[in-house]
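Chains as they are written, first to last, in the working numbering: chain V, 25 to 319; chain W, 218 to 499.
Among the clues, some could well be false.
[What the hints assert, rightly or not] In silico negatives: residues of chain V with every beta carbon more than 12 Å from chain W:
1) Glu52
2) Ile62
3) Thr66
4) Glu74
5) Glu87
6) Glu90
7) Lys94
8) Pro106
9) Gly189
10) Cys230
11) Pro247
12) Lys264
13) Leu265
14) Asp282
15) Glu308
16) Leu317
[Stated by the list, open to error] Within a straight-line C-alpha distance of at most 30 Å, the following computed DSS-like cross-link-like pairs (lysine-lysine) qualify:
17) W:Lys413 with V:Lys279
18) V:Lys121 with V:Lys168
19) W:Lys374 with V:Lys157
[Said to hold, decoys possible] Pair by pair, the computed Cβ-Cβ distance ranges are:
20) V:Val103 with W:Ala432: 26 to 34 Å
21) V:Val103 with W:Ala248: 44 to 52 Å
22) W:Ala453 with V:Ser76: 44 to 52 Å
23) W:Glu350 with V:Val88: 35 to 43 Å
24) V:Leu72 with W:Pro437: 45 to 53 Å
To be clear, the hints were calculated from the coordinates, so they are not data collected in a lab. For every residue, glycine included, the Cβ atom is placed at its ideal position computed from N, Cα and C.
Chain by chain, the residues:
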Amino acid sequence: MRAFCCSISFFLLFITTADSVFSQSKEEPAPVPASIAIPRPTPEEVRLAERSLAAFLENAAPEVKELNRKYPGLIAVRVPPPNSAVIPNLAPYFQKKHETNLEVARKGDIDVLFMGDSITDFWRNTEGAFAGKPVLDKYFGNLKVANFGIAGDTTEGVLYRLRNGEGRGFSPKAVMLMIGTNNTARNSAAEIAEGVGAVVLELQKCFPKAKILLLGIFPRSTPNDPVRSKIAEINSIISKLHDGDRIHYLDIGAKFLDAQGNIPREIMTDALHPSTKGYEIWAEAVKEPLEKLMR
Amino acid sequence: MAWGRRTTATGISVLLLLLHVAGAAQADRPAPRTDPNSRIAHAQLLEKAGKGRIDVYFEGDSITRRWGATDYPDLLANWNKNFFGWNAANFGWGADRIENILWRLHNGELDGVHPEVIVLQAGTNNIGNRVPEGQEDALIADITSGFEALIRVMREKAPGATIILMGIFPRNDNMAVLPIIRRINRNLSGMTDGNKLRFLDINSRLADENGRFFAGMANPDGLHLAPAGYQVWADALKPLFHELLGPPASEDHAPPPTGDPSKDVRGSRPHHTRTPAGTESA
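Looking at chain W on its own, in the form it has when it is part of the complex:
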């Protein structure tokens, strides 16, 4: 059958559109952030990776980033209080989805670092605070796949490291996503091998059985942790650090902490990243 050129072009575009829709969520495919602030931050983290001595490599989104960030001095103080002497460095970046963290790891941020321990916190920005009905199963499979990809690249870049995989923390900005978080954490719990990959779920110490944060654990946004929540996280990590690294030393040789590049410039407004739905990102 002979097709006109226009028919063929329409047909191919429709097919491509359908294929694109079917393959829209791809947490296991590295994708860079494109905003200028994220590009600057990536450059800063590349520089950080080459400095000092890093035994504990923290990776994640803004929930991780803020803990060791110069623009959150109270959280940085908590970080130092808990981790000084273990040469811990923070490579979290705000609003990152799994595929963004994957891109950063594939593009130099873990090259030549060889940490003993990697702490990975990710996933909440792939869930967001609203999941369209009927898409939960596909989303959970996609996010699980994304975590597998993260673990693969970490093994490739730092084969000797023990990875501590954090269960996704609860969110109270929309209680409806809590069952999805639980189902993903169920999958993540099965990834542990009791040796080089550990799974750590601290949610029962952050929130009640319904997933509601205990007082003081989270910010009013119901998403980011507050100092009490960070302390719970530290209390869960420190026994593992003792086991894997021994007691903390009297000196610390990790590179100096970084912050949000957009806040470093005097007079500039803080850069809030918003998802298309207008929700706060972690």
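Just chain V, same shape as in the assembly:
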């Protein structure tokens, strides 16, 4: 009976610890370049605001006190919430592709790193609507390119991946980065720009000798879709990161649009992912800039 109770308690212990292993770990927000940081009050500034508010309410007219009692939170200090786009976090499903990237990183011998989401990921596709491989071979076949793009990824996912092995073990001469489009449903333009900035800082930390080609996020969907102007806003903020030295910002988005601002179907069949023809446009636009960065 004693052995039985022992195994049961061990089993219960396993269940409880297994549960915490599966939980998301709480990470700190990554640092963001000052030129594009969202203004945030320090804890002391927040406390000052809260004390002033408390004093105001204490000395307020009776009807104001009644208002505060009736609607708690109506008169309040509003602190900007934490920005999820800068808190390193990789969704569990993406671990497998992350591990594949780790193997590539370990082998080293990489001239150029492509980093991003599905639009970057599909440079490796040989078939289907978004086959970028033939274009990759044609334009960059002479370079040792590593593609760490993962479909569906976000700024916080790239941050996590760089900090957890994808930013270690090799020294690329150049990094081509495009990330942020998958954050658009969740974060504001200013938040996504912070996310991109945090990734740029992380890349500089991981690869101090590399030059970074930072691409503006490509347009998507239709001209009247609010996501278009959101992307334009993100790009106008992150363009400030260009320093002409280690960080080179380039926006080639206009090349994917027709005169009316629509994305022709043969360039992006779903108005989001480039087709082979779309990849040609991309390769044409960045081939020379990348080669210059690598000299």
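Given chain V, work out where chain W should sit, using these hints.
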């Protein structure tokens, strides 16, 4: 140590109970619906699978089912308006969880059909409108695993098909489950290979940044789509259908639409399926 028979029996039952509790949620294990109406519906769908020509196979729960159902004539009209000429057939069934859809796929509903395109909408009934605290991570892992199982069986039965995987739609019956929906959709977004498996998330066109449906997109129940919501869904699918199938033809050869068997019998009351918590299912 010698155990009495009663002690052993108690010990084994306790262990089995604990194991059952630990392994309760299993979205990746096929499980049939057992109510008689669902059994009849399955038979109807088996028959449907063998009829006509099916190029687009819609799969899901009641959110999918209603769109092409005879008992929702306004939604069926929208379906026909959008998809006529592409030979689209609807295999959704109401209140199905992922494991129920999995069972139907493993039990003949996709045999010999060989569609060009499969549209898959599922998952919301595995979330429900209430998730006990502390169980979110396990639930998200279970549902993700369920989707992987669905994709596996679809590849097995229809290896040539392009699967369009829909992100789980928002729910406004309890805003607290929205972060869980987002986290699952994040996992699903990573399943795309840009070729035979596409991920489509239309939630930013259905709802605002807080997940609240725009006016007219959903029914008052905050769960099922309304005609405007279905149109948003159709608008997202049609460019993909053009890409994968070409323009719609002037004729349509898909099998005729089916409905809810319990409503087909004159005088019978509609069958509302309720989960143990008494919440509406999709």
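Outcome of the hint check:
Non-interface call for V:Glu52 relative to chain W: holds, since the shortest CB-CB distance, roughly 20 Å, exceeds 12 Å. Distance to chain W confirms V:Ile62 as a non-interface residue, since its nearest Cβ pair spans about 16 Å, more than 12 Å. No Cβ of chain W comes within 12 Å of the Cβ of V:Thr66; the nearest lies about 27 Å off, and the non-interface call holds. At roughly 25 Å from the closest C-beta of chain W, the C-beta of V:Glu74 stays outside 12 Å, upholding its exclusion from the interface.
Chain W leaves V:Glu87 outside its interface by the beta-carbon criterion, the shortest separation being 31 Å against a cut-off of 12 Å. The non-interface label for V:Glu90 is consistent with chain W: the shortest C-beta to C-beta separation is roughly 30 Å, beyond 12 Å. Every C-beta of chain W lies more than 12 Å from that of V:Lys94, the closest at about 24 Å, which supports listing it as non-interface. With a cut of 12 Å on Cβ distances, V:Pro106 stays outside the contact zone with chain W, its closest approach being about 14 Å.
Annotated as non-interface, V:Gly189 keeps its C-beta farther than 12 Å from every C-beta of chain W; the closest such distance is 18 Å. The claim that V:Cys230 lies off the interface holds: its Cβ sits roughly 23 Å from the closest Cβ of chain W, which is beyond the 12 Å cut-off. With a cut of 12 Å on Cβ distances, V:Pro247 stays outside the contact zone with chain W, its closest approach being about 15 Å. A cut-off of 12 Å between C-beta atoms confirms that V:Lys264 is not in contact with chain W; the least separation is 25 Å.
Remark: the non-interface label on V:Leu265 is consistent with the geometry, its nearest Cβ contact in chain W lying 25 Å away (cut-off 12 Å). With a closest Cβ-Cβ approach of about 16 Å to chain W, V:Asp282 is found to remain outside the 12 Å limit, as its non-interface label requires. Distance check for V:Glu308 against chain W: the nearest CB is about 21 Å away, which clears 12 Å, and the non-interface claim stands. At roughly 27 Å from the closest C-beta of chain W, the C-beta of V:Leu317 stays outside 12 Å, upholding its exclusion from the interface.
Distance hint between W:Lys413 and V:Lys279 is fulfilled; the C-alpha atoms sit about 27 Å from each other, no more than 30 Å. This hinted pair checks out: V:Lys121 and V:Lys168 have alpha carbons roughly 20 Å apart, not beyond 30 Å. Between W:Lys374 and V:Lys157, the direct Cα distance comes to roughly 29 Å. Compliance with the 30 Å bound is thereby established for this hinted pair. Checked against the given bound of 26 to 34 Å, the beta carbons of V:Val103 and W:Ala432, roughly 31 Å apart, stay inside it.
The supplied range of 44 to 52 Å is met by V:Val103 and W:Ala248, whose beta-carbon atoms lie about 47 Å from each other. Checked against the hint of 44 to 52 Å, the C-beta distance between W:Ala453 and V:Ser76 comes to roughly 49 Å, which is consistent with it. Between W:Glu350 and V:Val88 the Cβ separation comes to about 37 Å, which falls inside the hinted range of 35 to 43 Å. Between V:Leu72 and W:Pro437 the beta carbons are some 46 Å apart, a value that agrees with the proposed interval 45 to 53 Å.
Comparing the model with each numbered hint stated earlier shows that all of them hold.
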